[in-house]
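**Q** Once you have looked at the hints, place chain E on chain W.
Now for the letters of each chain:
There are 2 protein chains.
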Amino acid sequence: METMRWEGREFLILDQTRLPGSVEYIRCRDHLAVAEAIKRLSVRGAPAIGAAAAYGLVLGAMGLETDDPGEFLAGVERIAAHLSSTRPTAVNLNWALGRMLAGLRSAGPGKPEELIRVMLREADGIYREDLEGNKKMGRLGQELIPDGARILTHCNAGALATAGYGTALGVIRAAREAGKKVSVYAGETRPLLQGARLTAWEMAREGIPVTLITDNMAGYLMARGMVDLVVVGADRIASNGDAANKIGTYGLAVLAREHGLPFYVAAPFSTVDMNLRSGAGIPIEERSPEEVTHIAGVRVAPEGVRVWNPAFDVTPARLISAIITDRGVVRPPYEKSLREIMKEGIGD
Amino acid sequence: METMRWEGREFLILDQTRLPGSVEYIRCRDHLAVAEAIKRLSVRGAPAIGAAAAYGLVLGAMGLETDDPGEFLAGVERIAAHLSSTRPTAVNLNWALGRMLAGLRSAGPGKPEELIRVMLREADGIYREDLEGNKKMGRLGQELIPDGARILTHCNAGALATAGYGTALGVIRAAREAGKKVSVYAGETRPLLQGARLTAWEMAREGIPVTLITDNMAGYLMARGMVDLVVVGADRIASNGDAANKIGTYGLAVLAREHGLPFYVAAPFSTVDMNLRSGAGIPIEERSPEEVTHIAGVRVAPEGVRVWNPAFDVTPARLISAIITDRGVVRPPYEKSLREIMKEGIGD
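Chains as they are written, first to last, in our numbering: chain W, 1 to 348; chain E, 1001 to 1348.
Don't read these hints as lab results, they were simulated from the structure.
Misleading hints may appear alongside valid ones.
[What the hints assert, rightly or not] Computed cross-link-like contacts, SDA-like style, restricted to lysine to any residue with a CA-CA straight-line distance of at most 25 Å:
| id | chain 1 | residue 1 | chain 2 | residue 2 |
| --- | --- | --- | --- | --- |
| 1 | W | K181 | W | G328 |
| 2 | E | K1180 | W | R306 |
| 3 | E | K1343 | E | S1321 |
| 4 | E | K1039 | W | V300 |
| 5 | W | K181 | E | R1306 |
| 6 | E | K1039 | E | D1068 |
| 7 | E | K1180 | W | V305 |
[Claimed, not checked] Here are some chain E residues the structure puts well away from chain W; computed CB gaps all over 10 Å:
| id | residue |
| --- | --- |
| 8 | E1007 |
| 9 | I1026 |
| 10 | L1032 |
| 11 | A1033 |
| 12 | R1078 |
| 13 | T1086 |
| 14 | A1102 |
| 15 | K1180 |
| 16 | K1181 |
| 17 | G1187 |
Quantities reported herein were computed from a predicted structural model and do not represent experimental measurements.
Backbone N, C-alpha and C fix where the C-beta goes; we use that ideal spot for every residue, glycine too.
So that you can see chain W by itself, here it is in the shape it has in the complex:
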């Protein structure tokens, strides 16, 4: 199951809003379709939207009707700004678009068709490196997972949230591949049920034992001693280790601390925003009330009720036992440990 696929002049995006009921791909022929797919969460997960936006930028560049290098670059920048505006919280989106633009600028002036080839190589690189990064993250992270571990996760930080393999679920997959018996509790993750729809589906397809719970059962699950650790993904990590992730993550971190359970965050280093001193600077997307008042198209709340619908929350670094990245597993104090792996770079 690929989350996205480049097919020459078309870019296919697996429509995750339809999972697990039906497996359908959206055929994107321009960047507007990609932007729309990101906005409506057909493709979601910080690393996946970074890669999708990169391919979207290639599609956009292909649609520019100019031979002038300056006009071409200006056009690509305009399209990047549009793609970047789709979702505010995940930093991978801007990271990927920034990397695309940097690659384009360093290629120097050239014919649009040559520059498009450069861009496509860069997008392929982002996609491939994400997949490789996830696998490395999995190998490093699985060392934290004891044999027999019962693992609680939230939202979907799996193959579907990335180019493949996954971040939090990648760690779980790697533990399995290392011969450990593990089992998973998936919080359903209201409002959009990524845990129920996507994580439960991914785990079940691979025969990893998975039990679905509603989000509000996590506390009682821990109180009953039914879970050994928590591992989640992240959408943006500040330089002090504060981590934005799907709404509900913060509550799980507080509960994990209350019960003495390790709380791990798994994310590629591209999710770390070294420009931010703390999580207070992370913009938190607030989404439409209909996501809460309606489920599967059915209204469940009274007409006209006010809704607060933040898509993410911020977990303070003090509640995070370790951050698992493709550059290594880091521990507090994160100001220091994240700066160290930043300097070392990939392939340390």
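**A** This is chain E only, laid out in the frame that chain W set:
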């Protein structure tokens, strides 16, 4: 809006599974229909199921075809056992049935039609006293609510969960009636969305400002300083103050403590089970997986996924700032304060 109504030979139960979309009453002509309505949560909330079971027992007694006092009593006891078996966690169910049987026994042998009149008076008493108790609880509890308070509640501990007025929502109503400006955050309360469907509806109908959130937003709501206190109901309170309530309550209590917010439990004294030393002895109902895998009849999780679906959890007394009852507001240590109000009795 009445949650239930006795109409001579029929007992009407508001079908809360259909709210807020449609207001429909179930006409119960025998105790089996009442038992079924309790099981499928057409009537729910600890005090409401107590009152409904009492009327169900009257209907059952009316259907007994015997003139023999001994047979009649045995029949009523059999029906009480059936009604009692519908739901395990709320103690009010057994409390109400026990009170009905005690009333019947103390009436001594008599003709069934006379005994049925005795039973009906007792059921009316349970219903009326619940309503009065809620109002008293509201008056006592509202003193804990500061003017301007932004109050988080969970599930529905409102008029719909009781004979009327409500426990947790009764406290909020009473604060409003005392001239205080209050506003409410309603956690939607998965899986069955009593917060979204019932609490949001009750509050909106009375013009009390209410904002709906998914359960996993509570932590971030508190972290952002958007809420001042939490008040919830209870289904059974042990003699040490441990309180069973709708799943998710425990997590809210941990979060409230983390953020230094008062956490109040409001329940009639009939919810206190002085026979239990701690919450460890409270039976926790586990319900069907379909409640989690389906919403409004639509499947949202993959086929065959395992589900854990406890309907309640237990909040330890140490996380509860005060318990608001119709016999007074009690504070820790609850072993002592609950015993004191038990001795004083109603009308202290």
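**Q** List in ascending order the numbers of the hints, as given earlier, that are violated by the structure.
**A** 6 and 17
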